[in-house]
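K.L.:
First to last, the sequence lines map onto chains A and B. Residue 261 in this note's numbering sits at position 261 of the first sequence, and the numbers go up by one each step. To convert, take the position in the second sequence, counting from 1, and add 1000; that gives this note's numbering.
No lab work stands behind these hints, which were simulated from the structure alone. Careful: at least some of the hints might be erroneous.
Result set (DSS-like, lysine-lysine): computed pairs, CA atoms no more than 25 Å apart in a straight line [unchecked claim]:
1) B:K1195 <-> A:K230
2) A:K14 <-> B:K1077
3) B:K1046 <-> B:K1058
4) B:K1155 <-> A:K112
5) A:K53 <-> B:K1194
6) B:K1038 <-> B:K1018
7) B:K1077 <-> B:K1155
8) B:K1194 <-> B:K1046
9) B:K1127 <-> B:K1038
10) B:K1127 <-> A:K231
11) B:K1127 <-> A:K246
12) B:K1018 <-> B:K1202
13) A:K246 <-> B:K1018
14) B:K1148 <-> A:K112
15) A:K246 <-> A:K53
16) A:K246 <-> B:K1077
17) A:K175 <-> B:K1202
18) B:K1058 <-> B:K1077
19) A:K246 <-> A:K230
20) B:K1148 <-> B:K1004
21) A:K230 <-> B:K1194
22) B:K1077 <-> A:K53
23) A:K112 <-> B:K1077
24) B:K1195 <-> B:K1004
25) A:K230 <-> B:K1202
26) B:K1195 <-> B:K1038
27) B:K1127 <-> B:K1046
28) A:K14 <-> A:K207
29) B:K1038 <-> A:K246
30) B:K1018 <-> A:K112
31) A:K231 <-> B:K1202
32) B:K1127 <-> B:K1077
33) A:K53 <-> A:K112
34) A:K175 <-> A:K231
35) B:K1195 <-> A:K231
36) A:K175 <-> A:K112
37) B:K1148 <-> A:K175
38) B:K1155 <-> B:K1018
39) A:K175 <-> A:K246
40) A:K175 <-> B:K1194
Remember, it's a predicted structure, so these values are computed and weren't measured experimentally.
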Amino acid sequence: MQFSVEQAAFEVVKRAATVLPPDVVRALRDARDREEEGSNARMAFDAILENVKIAAEHSVPICQDTGWPTFFVQHPAGWSLRRMRREIEAAVARAAGEAILRPNAVDSVSGKNSGNCVGIGIPTIYFSEVDGPGFRIDLLLKGGGSENVSGQFSLPDRTLEAGRDLDGVFKVVLKAVFDAQGKGCGPAVVGVGIGGDRAHSLSLAKKQLLRPIDDVNPDPRLAELEERIKKAANELGIGPMGFGGKNTVLAVKAGYAHRHPASFFVSVAYFCWASRRASAVFDAEGNYRVTQ
Amino acid sequence: MAIKIATPVPNDTIASLKAGDAVLINGIIVTARDMAHKYLVENFVKTRNEAEAAVLEKLEGYLRNGIIYHCGPIVRKEGDEWRFVSAGPTTSIREEIYEADVMELFDLAGVIGKGGMGPRTLEGCRKNTSVYFHAIGGAGALIARNVKRVVEVIKPEFGTPEAFWVIEVADFPCLVTMDSHGNSLHDAVAAESKKRFEELLKG
């Protein structure tokens, strides 16, 4: 039997918009403690942490840019995708009506805002069928500023002397973080997608942002790459908001896919410090809990 | 210790601010982002659209020696009153092609945003005695608490994020990152990080 998902999707949206996941808060606190007392970076972190506290206590959006809602839905065989989509869209529209989401759907041709954060292609929903009765919804709310500094590279990159290997990946991802400076509201969680066609590479990078900040990549080659990029990025000195400081990224998360012999795409999904995500996990009876 | 300033801000106060100074902004400010900047430049800078003259007059009342805030807020209507729910800064660099002209149009004291701006705006700051105030990006809930009152909304047809929201703020915390003497903290951080980046690439 297919469950109704509208209420769960609404609660996931509300949680993600107003409460930062505990692993992100911990990472921000640790980052704050590493900055010099009296520095602009320390001041920025203090404001960020105060903001996170107020948002959670009063159930108001952490950031006014509640982003582009991107849902990842795992569902059992035989469920209607159209019905799930309708229900999720209704949940998003309701959240916009209750000032939990900003109306972020603008008609690209006419320039008119749809007013309810629903439109052509928004929200983004990735469906995947899984074995058994399992059902879950994962959501990312990623703002426009951080999306604008995200991007894609094609290896080899001559200007960076970046070849078609993990060292080349390291170089282009570091370039993306350098280019972003303070514009993407760092310190960032950086998702990296290696390989695939152009479109898959970008969605793979974004999907990495669902991972908790403190997890370790099960692939030791990628775990090493993630640490290498993080360490180097934090030596750039860009700091929170681009004010200068020791914390430019909070974490790097990389995933890979096979690639065409002629192509080697590397995509970078730059997530602002307000790395907002939440999930609803259902049991076989249709009861769910919202987690982060 | 943060420096308190209130709008309208006299030129000599603005001239005394230096990149790196922490400030607390008080008084009336006006939100404006992409559509608002495009509208201002197309109707009042490049040409003079008499049909929109009333809007300009109204904005001048708030913005002469005033402050524009790059922000697309989340708002809620409570009875007849609008309330700001979450209202952090948006990325300012998108207004780089417009900002120097808008500074001149209103003789602005400054703009508030995030991420910093480029050479045209830095020159605009010098020419018009204006500064760039950097707010804390993402701190929407915190900054909404500094908004005491929504005075009015101009051009609501632009949509909530893009309309001109005239608001009164109290002790809105910012960092001056571009001053009226040609100094930019963003340029300094970019230059330093470029050196580090080039070293890291070499390994």
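K.L.:
Work down the list of hints and note, for each, if the structure agrees.
P.N.:
Checked hints:
This hinted pair checks out: K1195 of chain B and K230 of chain A have alpha carbons roughly 18 Å apart, not beyond 25 Å. Between K14 of chain A and K1077 of chain B the alpha-carbon distance is near 19 Å, which keeps this suggested pair within the 25 Å criterion. Proximity of K1046 of chain B to K1058 of chain B is assessed by CA-CA distance (about 19 Å); at most 25 Å being required, the pair is judged to hold. Restraint check for K1155 of chain B and K112 of chain A: satisfied, since their Cα atoms lie roughly 13 Å apart, inside the 25 Å limit.
Taken as a hint, the K53 of chain A and K1194 of chain B pair is broken in the structure, with Cα atoms around 35 Å apart against an allowance of 25 Å. For the hint linking K1038 of chain B to K1018 of chain B, the alpha-carbon distance of about 29 Å lies beyond 25 Å, and the restraint is violated. A distance of roughly 16 Å separates the Cα atoms of K1077 of chain B and K1155 of chain B; the hinted pair therefore holds under the 25 Å criterion. As the CA atoms of K1194 of chain B and K1046 of chain B are separated by approximately 37 Å, the hinted pair breaks the 25 Å bound.
Taken as a hint, the K1127 of chain B and K1038 of chain B pair is honoured in the structure, with Cα atoms around 21 Å apart against an allowance of 25 Å. For the hint pairing K1127 of chain B with K231 of chain A, the CA-to-CA distance comes to about 41 Å; that exceeds 25 Å, so the pair is violated. Restraint check for K1127 of chain B and K246 of chain A: the C-alpha separation of about 34 Å exceeds 25 Å, so the hint is violated. With a C-alpha separation of about 36 Å, the suggested pair K1018 of chain B and K1202 of chain B falls outside the 25 Å cut-off, and the hint is violated.
A distance of roughly 23 Å separates the Cα atoms of K246 of chain A and K1018 of chain B; the hinted pair therefore holds under the 25 Å criterion. Proposed proximity of K1148 of chain B and K112 of chain A is contradicted: the alpha carbons are some 29 Å apart, above 25 Å. For the hint linking K246 of chain A to K53 of chain A, the alpha-carbon distance of about 23 Å falls within 25 Å, and the restraint holds. The suggested pairing of K246 of chain A with K1077 of chain B is violated, with an alpha-carbon distance near 41 Å, which exceeds 25 Å.
Note on K175 of chain A and K1202 of chain B: the hinted pairing holds, with a Cα-Cα distance of about 13 Å set against a maximum of 25 Å. With a C-alpha separation of about 23 Å, the suggested pair K1058 of chain B and K1077 of chain B falls inside the 25 Å cut-off, and the hint holds. With a C-alpha separation of about 11 Å, the suggested pairing of K246 of chain A with K230 of chain A holds against the 25 Å cut-off. At roughly 16 Å between alpha-carbon atoms, K1148 of chain B and K1004 of chain B fall within 25 Å of each other, so this suggested pair holds.
For the given pair, K230 of chain A sits about 17 Å from K1194 of chain B by alpha-carbon distance, which is consistent with the 25 Å threshold. Annotation: proposed proximity of K1077 of chain B to K53 of chain A holds, straight-line Cα distance about 24 Å (limit 25 Å). Straight-line distance between C-alpha atoms of K112 of chain A and K1077 of chain B comes to about 21 Å, which keeps the hinted pair within the 25 Å bound. Distance restraint check for K1195 of chain B and K1004 of chain B: the Cα-Cα separation of roughly 36 Å exceeds the 25 Å cut-off, and the hinted pair is therefore not satisfied.
Distance restraint check for K230 of chain A and K1202 of chain B: the Cα-Cα separation of roughly 17 Å lies within the 25 Å cut-off, and the hinted pair is therefore satisfied. Annotation: proposed proximity of K1195 of chain B to K1038 of chain B is violated, straight-line Cα distance about 36 Å (limit 25 Å). Of the supplied pair hints, the one linking K1127 of chain B and K1046 of chain B holds, its CA atoms being roughly 19 Å apart against a limit of 25 Å. A hinted pair counts as satisfied when its Cα atoms are at most 25 Å apart, and K14 of chain A with K207 of chain A qualifies at roughly 20 Å.
Taking the CA atoms of K1038 of chain B and K246 of chain A, the gap is near 37 Å; set against the 25 Å cutoff, the hint is violated. Only pairs whose Cα atoms come within 25 Å are accepted, and K1018 of chain B paired with K112 of chain A is rejected, the gap being roughly 40 Å. Of the pairs offered as hints, the one joining K231 of chain A and K1202 of chain B holds, with about 15 Å between alpha carbons and a cut-off of 25 Å not exceeded. Between the alpha carbons of K1127 of chain B and K1077 of chain B the distance comes to roughly 40 Å, so the proposed pair goes past 25 Å and is violated.
Annotation: proposed proximity of K53 of chain A to K112 of chain A is violated, straight-line Cα distance about 34 Å (limit 25 Å). Of the pairs offered as hints, the one joining K175 of chain A and K231 of chain A holds, with about 14 Å between alpha carbons and a cut-off of 25 Å not exceeded. The hinted pair formed by K1195 of chain B and K231 of chain A meets the criterion: a straight-line CA distance of about 16 Å does not exceed 25 Å. A distance of roughly 35 Å separates the Cα atoms of K175 of chain A and K112 of chain A; the hinted pair therefore is violated under the 25 Å criterion.
Pair hint K1148 of chain B plus K175 of chain A does not hold up; C-alpha atoms about 41 Å apart against a cutoff of 25 Å. A threshold of 25 Å between alpha carbons decides the hint, and for K1155 of chain B with K1018 of chain B the separation of about 34 Å lies outside it, so the pair is violated. For the given pair, K175 of chain A sits about 17 Å from K246 of chain A by alpha-carbon distance, which is consistent with the 25 Å threshold. Using a Cα cut-off of 25 Å, the hinted pair K175 of chain A and K1194 of chain B holds, with the two alpha carbons roughly 10 Å apart.
Going down the numbered hints, you'll see the structure goes against 5, 6, 8, 10, 11, 12, 14, 16, 24, 26, 29, 30, 32, 33, 36, 37, 38, while the others check out.
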